[in-house]
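Participant: One letter stands for each residue in the lines below.
There are 2 protein chains.
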Amino acid sequence: MNTEISTPSELRKMFRSGAEPIPTAGLAPGKVQANLVILPKASAFDFLLFCQRNPKPCPLIEVLEPGSYEVRTAAPGSDIRKDVPLYRIYKDGDLSEVTQSIDHVWQDDFVSFLLGCSFSFENALVSDGIRLPHFENGTNVSMYVTNIQTEPAGEFSGPMVVSMRSIPRDKIVRAVQITSRFPSVHGSPIHIGNPAEIGIRDLNQPDFGDRTVVHENEVPVFWACGVTPQSVAMHSQPPLMITHAPGHMFITDKHDSEYSIL
Amino acid sequence: MNTEISTPSELRKMFRSGAEPIPTAGLAPGKVQANLVILPKASAFDFLLFCQRNPKPCPLIEVLEPGSYEVRTAAPGSDIRKDVPLYRIYKDGDLSEVTQSIDHVWQDDFVSFLLGCSFSFENALVSDGIRLPHFENGTNVSMYVTNIQTEPAGEFSGPMVVSMRSIPRDKIVRAVQITSRFPSVHGSPIHIGNPAEIGIRDLNQPDFGDRTVVHENEVPVFWACGVTPQSVAMHSQPPLMITHAPGHMFITDKHDSEYSIL
Numbered sequence: 075m076n077t078e079i080s081t082p083s084e085l086r087k088m089f090r091s092g093a094e095p096i097p098t099a100g101l102a103p104g105k106v107q108a109n110l111v112i113l114p115k116a117s118a119f120d121f122l123l124f125c126q127r128n129p130k131p132c133p134l135i136e137v138l139e140p141g142s143y144e145v146r147t148a149a150p151g152s153d154i155r156k157d158v159p160l161y162r163i164y165k166d167g168d169l170s171e172v173t174q175s176i177d178h179v180w181q182d183d184f185v186s187f188l189l190g191c192s193f194s195f196e197n198a199l200v201s202d203g204i205r206l207p208h209f210e211n212g213t214n215v216s217m218y219v220t221n222i223q224t225e226p227a228g229e230f231s232g233p234m235v236v237s238m239r240s241i242p243r244d245k246i247v248r249a250v251q252i253t254s255r256f257p258s259v260h261g262s263p264i265h266i267g268n269p270a271e272i273g274i275r276d277l278n279q280p281d282f283g284d285r286t287v288v289h290e291n292e293v294p295v296f297w298a299c300g301v302t303p304q305s306v307a308m309h310s311q312p313p314l315m316i317t318h319a320p321g322h323m324f325i326t327d328k329h330d331s332e333y334s335i336l
Numbered sequence: 075m076n077t078e079i080s081t082p083s084e085l086r087k088m089f090r091s092g093a094e095p096i097p098t099a100g101l102a103p104g105k106v107q108a109n110l111v112i113l114p115k116a117s118a119f120d121f122l123l124f125c126q127r128n129p130k131p132c133p134l135i136e137v138l139e140p141g142s143y144e145v146r147t148a149a150p151g152s153d154i155r156k157d158v159p160l161y162r163i164y165k166d167g168d169l170s171e172v173t174q175s176i177d178h179v180w181q182d183d184f185v186s187f188l189l190g191c192s193f194s195f196e197n198a199l200v201s202d203g204i205r206l207p208h209f210e211n212g213t214n215v216s217m218y219v220t221n222i223q224t225e226p227a228g229e230f231s232g233p234m235v236v237s238m239r240s241i242p243r244d245k246i247v248r249a250v251q252i253t254s255r256f257p258s259v260h261g262s263p264i265h266i267g268n269p270a271e272i273g274i275r276d277l278n279q280p281d282f283g284d285r286t287v288v289h290e291n292e293v294p295v296f297w298a299c300g301v302t303p304q305s306v307a308m309h310s311q312p313p314l315m316i317t318h319a320p321g322h323m324f325i326t327d328k329h330d331s332e333y334s335i336l
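Each protein sequence line maps, in turn, to chains A and B. Mapping to the numbering used here: the first sequence position 69 is 143, numbers consecutive. Mapping to the numbering used here: the second sequence position 138 is 212, numbers consecutive.
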């Protein structure tokens, strides 16, 4: 299959039909990819409130009606039960199953949350001449648990997770400007410079993802990360929660630029 | 009382103590004022989802936990049951009471929604030299029901209400830029020019507020309006809903500029 020329719709159908799961980075370039969290209705108000209170780590792209499995606005014709390459099912906070379809566990009270992903603003940074080695190497961005507490909501609370990109000093202002235009996909940085100030002990030991080399004349810049809602949801150990497997995102029909406000 | 030098906290205490209700336009200049919608928990998920799906007419400033009456983030120490100058209580969609306190009807399952208000971006427009006659005259902005449908959520649906400001041709680009910086208070315009295209028959007959004169060399520019969530909520006739009385807003401690993204 030539994934480079596939449309989001074709890619979703491919995953729906049970094709071998692959990470979605680089697929359907320029199209918005989304993190997925599915919770029963009983937990949905608190989680929606949590996202409202923490828009930087939890930027909502679309929330489906209880029981609905079509992402009507961002991906008409989709089926959220099958169109993600790989799912994780958590019970009481523990991983219980990794699966290519959640058809067998679907409940009529499931609420699906699609959350923005930094792929969108990374495209904009790279287009503007800011080099991102992990983007070019196909490795994962470095992610860290911080000492910044999210704003709690009901049963959900916990520390913010951030991603780090090493930015040349003379590009920092531009990186702030570019990512500020994308409030729906994490927006502007939450911290620039000294990692210790946000509780990161060793930049070379990320909690998730791969190590990033910070060269001379570069400064580590931190953005709120979409891993936050999953780690927070997991921390609260809901009886049942479903997410995408890391790197295996839901591919929408929307263009990255549609989520830019200017 | 000299309202010009009063802080938001002093003004809230004044209303809390039962002072004569007055419209809040012009009070605590530069501080964010908010629309209020209070609904029982049973309707709260659907309404929160409605706001998430319609961020331009329904920009959420803060949502309180069920039963909570302190606006913890935007107005610490406040009491949402008494700090608004005047409330309206609706039963099954009909106005049942206008009151200075909702203490006597408060329920432990009430969820309070504070929504942004265009006062914030009007300050920014005026500071930038764009004249707004209603702002100077103390009259109300012109508001119209359009043929633009909001994105429904559960029990909530209905047409979008817009406000109109008459902008000189050579200031339109600037007005778009300035208001785009305030996505939390309605953001950029939803329409520029011909009112008929969004279902407005006669610009001189607004559905709410006062008439605005459009001079030669000016163009009507339309923004999503905070009256939308109230009119939509009312349209769905929930058993119980409480709002602020028009023009009698909740005054927060936040600066307008804190809701600007750039």
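Hints in this document: simulated from the structure, not taken from any laboratory. Some clues are possibly wrong.
Claimed, not checked - Simulated restraints, written as ranges between beta carbons of each label pair:
(1) SER231/A with GLU225/B: 21 to 31 Å
(2) GLN279/A with HIS329/B: 52 to 62 Å
(3) PRO150/B with GLU229/A: 16 to 26 Å
(4) GLY100/B with ARG243/A: 14 to 24 Å
(5) PRO97/B with PRO207/A: 34 to 44 Å
(6) HIS178/A with VAL172/B: 31 to 41 Å
(7) SER201/B with ASN221/A: 52 to 62 Å
(8) GLY100/B with TRP180/A: 32 to 42 Å
(9) GLY228/B with GLY92/A: 49 to 59 Å
(10) LYS115/B with ASP168/A: 45 to 55 Å
(11) SER80/A with GLU225/B: 46 to 56 Å
(12) ASP168/A with GLU229/B: 56 to 66 Å
(13) GLY228/B with GLU84/A: 26 to 36 Å
Quantities reported herein were computed from a predicted structural model and do not represent experimental measurements. Every residue, glycine too, gets a C-beta built ideally from N, C-alpha and C.
Participant: Which constraints among the numbered hints does this structure fail? Numbers only, ascending.
Facilitator: When the structure is compared with the hints, numbers 2, 4, 5, 6, 7, 8, 9, 10, 11 and 12 turn out to be violated.
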